[in-house]
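Next come the chains, spelled out residue by residue.
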Amino acid sequence: MQVGLTHYLVLSALLFCLGLYAMLSRRNAVAILMGIELMLNAANINLVAFNKYVAPTALNGQVFALVVITLAACEAGVGLALVMAAYRNLETVHVDEINIMKW
Amino acid sequence: MGELAVFIILSAITLVSAVVVVTSGNIVRSALSLVPTFLGVTGFYILLQAEFVAGIQVLIYAGAITVLILFVIMLTEGGTGLRVRQINEQVPMSILASAALALLLISVFIRAPWPTAKEALPQYTASGIGEALLTNLVLVFEVTSLVLLVALMGAIIIARRER
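If you read the protein sequences in the order shown, they are chains A and B.
Sequential numbering from 17 applies to the first sequence in the working numbering.
Sequential numbering from 276 applies to the second sequence in the working numbering.
Same shape as in the complex, but just chain A:
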């Protein structure tokens, strides 16, 4: 049995749902960012797999994966800076305790 496109898609669906679970159930903002990183990795696996199995003549899928990795680095940097600012001002990193915009 050969490894096909479906194997990679099923694997990345599982990885994506694990990241979604972390996003929905964690209190710590850093752990939520880790869930987002897992979801971005799942999307990247899909992009590279589609590049190999559907359109191997153009390398657009791999270039998209590189762009997603770059944007993930930007997102991690800005997101963690926001976590630092929130911790400095509110003394907490738990998203269910940060509710100063709630009336």
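To be clear, the hints were calculated from the coordinates, so they are not data collected in a lab.
Everything numeric in this text was worked out from a predicted model, so none of it was measured.
The beta carbon of each residue, even a glycine, is placed where N, CA and C say it ideally should be.
Among the clues, some could well be false.
[To be verified] Computed far set for chain A versus chain B, every beta-carbon distance over 12 Å:
1. Ile116
2. Met117
3. Lys118
[To be verified] Interface residues of chain A toward chain B, partial, derived using beta-carbon atoms under 10 Å:
4. Val46
5. Glu53
6. Ile61
7. Phe80
8. Val99
9. Met100
10. Tyr103
Following the hints, complete the assembly by docking chain B onto the known chain A.
Relative to chain A, chain B alone:
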């Protein structure tokens, strides 16, 4: 046959360490489990003949992002203690939503008739990526560098201590 065995081993590494990332009560253990997850994903890239993406994945994800996350965990130690509750009260709903989405996605993926190409990837893809980034996709390349610059400045300004 060998490819399938490698795929199964890499899936086991990736999924088991991802489960540790999302369920561990110790946030430092979660952050350290990100490393085998990212290295497993790197293995998939190598299996998919994307050597350049695999190298970038090791450099940026396993190297930079994990270290950044560990530093932020150390600097915000109020949320990382072992006695602090790490999960909120919507765990059953989260499990339900994630499992439902996983079932939906997997059933669609198994049934959908994906088009498959007859051609194979070129032997070495890094030179093709470089050529695409400087010819057809040069706008993508430039805009990405602009986004990087803006994110750099934004992160410095947001994280700076105000006086």
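Status of Met117/A, Cβ more than 12 Å from any chain B Cβ: About 17 Å separates Met117/A from the closest Cβ of chain B, which puts it past 12 Å; holds.
Status of the stated non-contact between Ile116/A and chain B (beta carbon gap over 12 Å): holds (17 Å)
Cut-off 10 Å, beta-carbon criterion: hint that Val99/A touches chain B: holds (6 Å)
Interface restraint verdict for Glu53/A against chain B (beta-carbon cut-off 10 Å): The hint holds - Glu53/A has a Cβ within 10 Å of chain B, the shortest such distance being about 7 Å.
Evaluation of the interface hint that places Phe80/A against chain B, nearest CB under 10 Å: holds (8 Å)
Status of the hint placing Val46/A at chain B (closest C-beta pair under 10 Å): Since chain B brings a Cβ to about 6 Å from Val46/A, closer than 10 Å, the hint holds.
Agreement of hint Tyr103/A with chain B interface, Cβ distance less than 10 Å: holds (4 Å)
Met100/A as chain B interface residue, shortest Cβ-Cβ below 10 Å: holds (5 Å)
Evaluation of the interface hint that places Ile61/A against chain B, nearest CB under 10 Å: holds (6 Å)
Consistency of the no-contact label for Lys118/A, given chain B and a CB cut of 12 Å: Check passes; 16 Å lies beyond 12 Å.
In terms of the numbered hints stated before, the structure departs from none.
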